[in-house]
Amino acid sequence: MGIHKLKAFTILEVIVAVSIVAVGVLALSAGFIYVKNRNETTHRRLQAQSFDREILETLLITPYDDALLNVGGPYSAESISPLPSCDLKDIFGASRSYTVEQITEGKKITVTTGWTESNGRAEQEQLFGLVIQP
Amino acid sequence: MTRLNSKAVALMIVLAIILLLIVLIAIGIKFTLSNTFLSYYTLNRTKAFYFAEAGIQKGVYKIKNDNFDSETGWILAGEGENIAITISSVAADEYSVLSVCTYEAADKKIQATVRKAGSTAQIIEWVYIN
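Chains as they are written, first to last, in the numbering used here: chain A, 1 to 134; chain B, 135 to 264.
Simulated from the structure, these hints should not be mistaken for laboratory data. Relax, there's no trap hidden among the hints.
Subject to a maximum C-alpha distance of 20 Å in a straight line, what follows is the list of computed SDA-like cross-link-like pairs (lysine to any residue):
{"#": "1", "chain 1": "A", "residue 1": "Lys36", "chain 2": "A", "residue 2": "Gln47"}
{"#": "2", "chain 1": "A", "residue 1": "Lys107", "chain 2": "B", "residue 2": "Thr254"}
{"#": "3", "chain 1": "B", "residue 1": "Lys164", "chain 2": "A", "residue 2": "Val25"}
{"#": "4", "chain 1": "B", "residue 1": "Lys250", "chain 2": "A", "residue 2": "Tyr64"}
{"#": "5", "chain 1": "A", "residue 1": "Lys108", "chain 2": "A", "residue 2": "Val71"}
{"#": "6", "chain 1": "A", "residue 1": "Lys108", "chain 2": "B", "residue 2": "Glu205"}
{"#": "7", "chain 1": "B", "residue 1": "Lys198", "chain 2": "B", "residue 2": "Asp227"}
{"#": "8", "chain 1": "B", "residue 1": "Lys164", "chain 2": "A", "residue 2": "Glu40"}
{"#": "9", "chain 1": "A", "residue 1": "Lys107", "chain 2": "B", "residue 2": "Ser253"}
{"#": "10", "chain 1": "B", "residue 1": "Lys164", "chain 2": "A", "residue 2": "Phe32"}
{"#": "11", "chain 1": "A", "residue 1": "Lys36", "chain 2": "B", "residue 2": "Ile156"}
{"#": "12", "chain 1": "A", "residue 1": "Lys36", "chain 2": "B", "residue 2": "Phe165"}
{"#": "13", "chain 1": "B", "residue 1": "Lys164", "chain 2": "A", "residue 2": "Asn37"}
{"#": "14", "chain 1": "B", "residue 1": "Lys250", "chain 2": "B", "residue 2": "Asn201"}
{"#": "15", "chain 1": "B", "residue 1": "Lys198", "chain 2": "B", "residue 2": "Gln245"}
{"#": "16", "chain 1": "B", "residue 1": "Lys243", "chain 2": "B", "residue 2": "Glu205"}
{"#": "17", "chain 1": "A", "residue 1": "Lys108", "chain 2": "B", "residue 2": "Ala211"}
{"#": "18", "chain 1": "A", "residue 1": "Lys36", "chain 2": "B", "residue 2": "Ser168"}
{"#": "19", "chain 1": "A", "residue 1": "Lys108", "chain 2": "B", "residue 2": "Thr206"}
{"#": "20", "chain 1": "A", "residue 1": "Lys108", "chain 2": "A", "residue 2": "Thr58"}
{"#": "21", "chain 1": "A", "residue 1": "Lys108", "chain 2": "B", "residue 2": "Asn199"}
{"#": "22", "chain 1": "B", "residue 1": "Lys243", "chain 2": "B", "residue 2": "Ser230"}
{"#": "23", "chain 1": "A", "residue 1": "Lys89", "chain 2": "A", "residue 2": "Asn119"}
{"#": "24", "chain 1": "A", "residue 1": "Lys108", "chain 2": "B", "residue 2": "Tyr195"}
Could you build the full structure based on these sequences and the hints that come with them?
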């Protein structure tokens, strides 16, 4: 076997190979981090929606002429049920409100939970309901 | 082991590690993506549920006002929801209201039996179909 065949990789070959691998792994890692962040935001949306549900369910069984269903808003939902201590509230500053709008069939209720993501982007999750005049 | 063989083994080990790394990251992305899509579906199903429930209320409103026409494409909030309300008579002064809401890729179907008495109408039975 000749000496030429036993020669190791040149430094250039190693640099090129490592660069290609690094770019691939970095791209995959960046993709993973993006997807992970999206996943975390979606989980916050789910939590926000469960907070919306709590208020909407209360308002849907509230008598039509009750003061809680006065047309207008946004009203803070704190008086109905304060947000429990959780990451969404304590870290992302979530707050919950609702509006009541008069439409032909009755009162349209919109419950909104809004928060600010760590990158400064405002997010909100809404649920809608309808209460008709008895 | 000759120098040539040991070099080949080292290369194989490095390639295997790189492959393992890539497969692990890809599995992580796939798992996280599946989780995100499932969460989105759950979010949309819940919204569709409340839109469909509003469709039932709309049906009750119509029956109360002696309007027994079915309706498609009713919009409550303009969020991309599509609500279809079907009213049919099941007995004397009793009506079935079927509300189907399609929202994003999710849909929800709710049925209710409504009893009409004079100028009032009230739900006497709820049926959650899917």
